[in-house]
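*Asks:* Sequence:
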Amino acid sequence: MFGLFGKKGESPEERLAECQQKRDWAGLARAYYQMGVAAMEQQEYNRAQLWLSRADTIYSADDKVYKKLGEKLMDDCSERIGKLEEASLLYNNIPAQVEEMTADLGDSKVRVWGLLSLARLVKLGERLGSLPGCEALGKLGWAVDLVLKSFQEAPTEEEFYGLRDLCGALYELGDSPAFWGAGSQIEVPGGAPFQIFDLNGMMGVHLEIDAYLDGHLRMICALGQGEESPVPETGIIAGALLPDYHVRSGAGKPEEVPGIKAELDRMWSDYHFVCSDFTWEQVGQKVREYKELDILGN
656 MFGLFGKKGE SPEERLAECQ QKRDWAGLAR AYYQMGVAAM EQQEYNRAQL
706 WLSRADTIYS ADDKVYKKLG EKLMDDCSER IGKLEEASLL YNNIPAQVEE
756 MTADLGDSKV RVWGLLSLAR LVKLGERLGS LPGCEALGKL GWAVDLVLKS
806 FQEAPTEEEF YGLRDLCGAL YELGDSPAFW GAGSQIEVPG GAPFQIFDLN
856 GMMGVHLEID AYLDGHLRMI CALGQGEESP VPETGIIAGA LLPDYHVRSG
906 AGKPEEVPGI KAELDRMWSD YHFVCSDFTW EQVGQKVREY KELDILGN
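Start counting the sequence shown at 656; every next residue gets the next number (this note's numbering).
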């Protein structure tokens, strides 16, 4: 790959595995950066987005890596990511479309739309929660049930602080080598293994979950104090697309992947649902169904 990797004949995958085994986090970030540069030069912009964002996550999470890599590499990485953010990619287009669609929805409808997407991550979260250091993801089912209930009645103090603690754990996950350094993964029947680092796309699925749950807590506090509710977070609505997984496993155009097309269909169907005069019983039924959905199923 254009002589980017140290050992002659060494593949990018071998280089990544070597850095992970040696816990060479600076080397790992550099390898991802080099893979991103190569992809960008080949005009494979989705793959460039994937690899450069991984490099950015690692050096942003670890001060030692930040110091080792040097400003020249990191500045170039950031500049490249900035250019990719202006490109017509699913990574950019779908969140922008969601943002536009939510502009005319009431806050509660936006929050319900987000909850439905979050419910579809429960099954995946249960499996990822079994990986070392990723236990917080196994609590998504509990969080979804609590959010649904708290739309209709105030949570207990224990529930409130439990959800707040989960937010903290999800935020901290992204700074941990368990997320970006260990190479931990789960098997996917009929498909490529799913890496915990595949959650890094779409601004970080774990961070979008944290933002959604934290926003819900702030809404509860605002209502309890007679104040105006904060603007709802919308990032989680596209959170179950998981483009990093599909791009990493070979998709040149993620928007053509059956799994992503199916998830987009669910997203747009949910939009029409929240635009209707739904009942909480109907929301609960959809949540229960989505919690049992395997979004990686083939």
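No wet-lab data here; the hints were simulated from the structure.
Cβ atoms here follow ideal geometry from the backbone N, Cα and C, with glycine treated the same way.
Careful, some of the hints might be misleading.
To be verified - Between beta-carbon pairs, the in silico distance windows are: (1) Tyr721 <-> Glu947: 20 to 28 Å; (2) Asp731 <-> Leu878: 44 to 52 Å; (3) Thr934 <-> Glu755: 36 to 44 Å; (4) Gly879 <-> Gly725: 43 to 51 Å; (5) Glu936 <-> Leu878: 15 to 23 Å; (6) Gln676 <-> Ala847: 14 to 22 Å; (7) Arg678 <-> Glu790: 15 to 23 Å.
*Asks:* Could you run down the list of hints and mark each one as holding or not?
*Replies:* Against the structure, the hints come out as follows:
1. Between Tyr721 and Glu947, the C-beta spacing of about 42 Å breaks the proposed range 20 to 28 Å.
2. For the hinted restraint 44 to 52 Å between Asp731 and Leu878, the CB-CB distance of approximately 46 Å keeps it satisfied.
3. Against the hinted window of 36 to 44 Å, the Cβ-Cβ separation of Thr934 and Glu755 comes to about 27 Å, which falls outside the hint.
4. Checked against the given bound of 43 to 51 Å, the beta carbons of Gly879 and Gly725, roughly 49 Å apart, stay inside it.
5. The hint said 15 to 23 Å for the Cβ distance between Glu936 and Leu878, and at roughly 22 Å that hint holds.
6. For Gln676 paired with Ala847, a C-beta distance near 20 Å keeps the hint of 14 to 22 Å intact.
7. Here the CB-CB span from Arg678 to Glu790 is close to 21 Å, well matched to the stated 15 to 23 Å.
Consistency with the previously given hints fails for numbers 1, 3, ordered from lowest to highest.
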